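Colleague: Below are the chains, spelled out letter by letter.
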Amino acid sequence: MSGAPLIEVKDLGVRLNTSRGPAQAVRGVSFALRRGETLGLVGESGCGKSVTALALMGLLPESAVISGSIRLDDTELVELPDKAYCKLRGNRISMIFQEPMTALNPMHTIGHQVAEPLLRHTGVSAAEARQEAIALLDRVGLPDAAKRIDAYPHQFSGGQRQRITIAMALACQPDVLIADEPTTALDVTIQGQILDLIAGLVEERGMAMILISHDLGVIAENVARMMVMYGGTVVESGETNAVFTRMGHPYTQGLFRARPRLGARKGTRLKTIAGTVPELADLPAGCSFADRCAIVEQRCRVALPAVVDVGASHGVRCIRTDVSMAAGDVGA
Amino acid sequence: MSVFFLRRILTLVATLFAASLIIFLVLDALPGNAAQMLMGADASPDAVHALTVKLGLDQPLAVRYLLWIKGMAVGDLGNSYVYGTPVSGLIAERLVLTIPLAIMSMLITVTLALAAGIYTAANHNKLGDVGVMSLTQIGIALPNFWFAILLILLFSVKLQLLSAGGFAGWDDGIWPGIRSLLLPAISLAVVQAAILARVTRSAVLEVLREDFVRTARAKGLGKREVLWRHVLRNAIIPVMTVMGLQFANLLAGTIVIENVFYLPGLGRLIFQSIANRDLIVVRNCVMLLAAMVVIVNFVVDVLYAFIDPRIKVANL
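For the protein sequence lines, the chains are A and B, in the order given. Each step along the first sequence adds one to the number in my numbering, with nothing skipped, and position 263 is 263. Each step along the second sequence adds one to the number in my numbering, with nothing skipped, and position 281 is 281.
Derived by calculation from the structure, the hints in this document are not laboratory data. As the structure is a prediction and not an experimental result, all values here were calculated from the model. The reader is advised that the hints may include incorrect statements.
[To be verified] Covered stretches of chain A (chain B as the covering partner; in silico rule of three or more C-beta atoms under 8 Å from a C-beta of chain B):
| # | segment |
| --- | --- |
| 1 | 87-95 |
| 2 | 114-122 |
[Unchecked claim] Here's a subset of chain A near chain B, in silico, CB distances under 8 Å, partners left out:
| # | residue |
| --- | --- |
| 3 | Asp-82 |
| 4 | Met-107 |
| 5 | Met-168 |
Beta carbons are placed, not taken as given, at the ideal position from N, Cα and C, and that holds for glycine.
Make the full structure from the sequences, and use the hints.
Modeller: Pasting the structure below:
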């Protein structure tokens with residue numbers, strides 16, 4: 001777990017053209033991952049976590065303006081021509097998507113779809129690719145893989161389809177795996193199985209993984225490091241344990257309080273964060289959380305706060321950590 | 001698959017029966033007695049009556065209908081009131097022209113429409129898209145007989161490349177025949193192609209927004225490969241549906257276009273038979289057109305099941 005980072009993102013910015021005008025969907029996101037490391041991205045819908053993932057894959061719409069740097073080993077990915085990017089996608093960097101029901105092409109057999117990246121990136125024959133596809137489907141726990149390889153996506157359940165997309169993403173033994181809400185669309189009973197499968201594969205193959213979720217529980221159990229995103233910026237980042245023990249940002253604290261809990265007295269209302277997520281098209285000038293923050297001050301609204309180190313590699317983008325962290329103990 | 005197939009065949013047969021009944025009743029309700037028309041206004045009532053009996057027009061409606069159906073089943077469509085020759089022969093010698101015309105025109109339609117539709121969808125909102133879509137807008141607004149006259153003015157009168165009308169037949173090989181059908185086929189195809197191009201474009205654009213397109217890109221496929229391997233097969237179903245419906249328009253269009261180009265085809269036969277009150281010819285020709293439309297749409301339905309693996313299961 002040492003040496004140069006596998007993937008290094010520096011000051012990533014993404015500007016999207018939306019129907020409401022240009023929007024800065026991502027600002028100043030930086031992180032680095034070495035082989036075998038895992039990183040979680042957590043936040044509400046529209047916080048920029050999926051846009052960050054698509055930026056890494058080079059799959060943002062053509063109208064998107066990307067700034068900063070994304071390096072995979074020594075290759076700069078920002079502004080990389082699509083032809084060169086195609087050689088990396090599905091080969092060195094892969095992605096699992098949120099919706100297994102629609103992520104597979106209904107017209108092609110699953111065997112064809114799992115074999116496709118192999119045929120594309122490795123020099124194997126069609127017969128070898130088919131054998132490899134069966135082995136992959138076996139590995140991701142699809143029952144009767146050899147028999148069902150010529151079946152179509154509509155003949156599988158949601159959980160099985162997600163296993164198929166995982167097999168597809170892993171076909172070429174990628175170095176980096178991005179999982180964007182891989183279990184959100186699945187039944188609760190299946191969620192754990194799929195996450196365990198992904199965790200097992202990440203460990204077995206020594207991949208770096210970026211796991212995106214809105215679910216703090218999923219993040220807590222599956223990644224070593226995490227970043228909390230809000231309004232396109234990373235508001236808090238650090239070792240998962242450190243962040244969960246000492247939450248520094250008022251938003252992280254609010255997110256944590258808002259989770260439902262077993263054992264709470266019946267009729268207890270869930271705590272929510274007051275207000276709504278700001279529109280990316282008109283973000284406030286200062287801290288993007290200012291309008292919903294309980295301890296906001298005038299100076300919070302002046303400029304985007306800098307990241308404050310509150311522990312070993314634990315950073316919080318807040319100028320009032322003295323107050324927020326003194327209030328401390330938000331858990332329980 | 002077999003259940004799907006069987007159900008479609010039953011629907012096909014039922015539709016054909018319904019069509020035959022409607023055609024028979026409508027033509028029977030027309031005013032004017034065929035025997036009177038044939039013999040002229042001055043003919044003696046006895047002679048008219050004799051001819052009526054000879055043509056079988058004195059029999060009850062139901063009997064005449066059943067005789068017609070029975071005749072179609074054994075391939076005997078009766079004799080033309082005007083020419084006195086078998087209707088089946090008259091139709092057969094016209095189909096030699098109209099079927100190649102319809103096929104040529106459909107091929108031109110599909111080629112133009114798919115090329116334009118896929119090109120514009122792949123270049124969505126770019127200059128080429130806007131340009132080609134404006135052309136299709138004009139194409140939709142063109143009346144085909146007027147466009148046919150423009151084509152004659154350009155290719156026959158000005159450039160003297162193709163003949164302005166008439167049919168060379170197939171006796172001297174296939175090229176003279178195809179040359180004489182080229183302008184009519186293009187005139188018929190242009191409007192249809194314009195409509196189908198727009199359908200193709202919107203079908204492809206819709207599929208391009210699907211999640212599996214992004215999955216395919218995430219595997220490392222280029223935009224063009226995704227279009228050919230993943231998008232088109234999903235987009236082709238609505239396109240085929242419209243193609244099936246357009247085939248009916250195309251057959252109706254031949255009646256006008258064959259008159260513009262003096263082509264002795266089925267359309268012209270229908271036109272002349274209506275003018276002559278040769279209702280037995282009209283009835284059989286219209287039935288044939290109806291059957292062609294129904295069968296083409298049946299074939300389209302069956303093709304769905306070959307293209308989309310979900311359809312078989314949904315219908316079992």
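Colleague: For a quick check of understanding: which of the numbered hints are violated here, in increasing order?
Modeller: Checked against the structure, no hint fails, so every one of them is satisfied.
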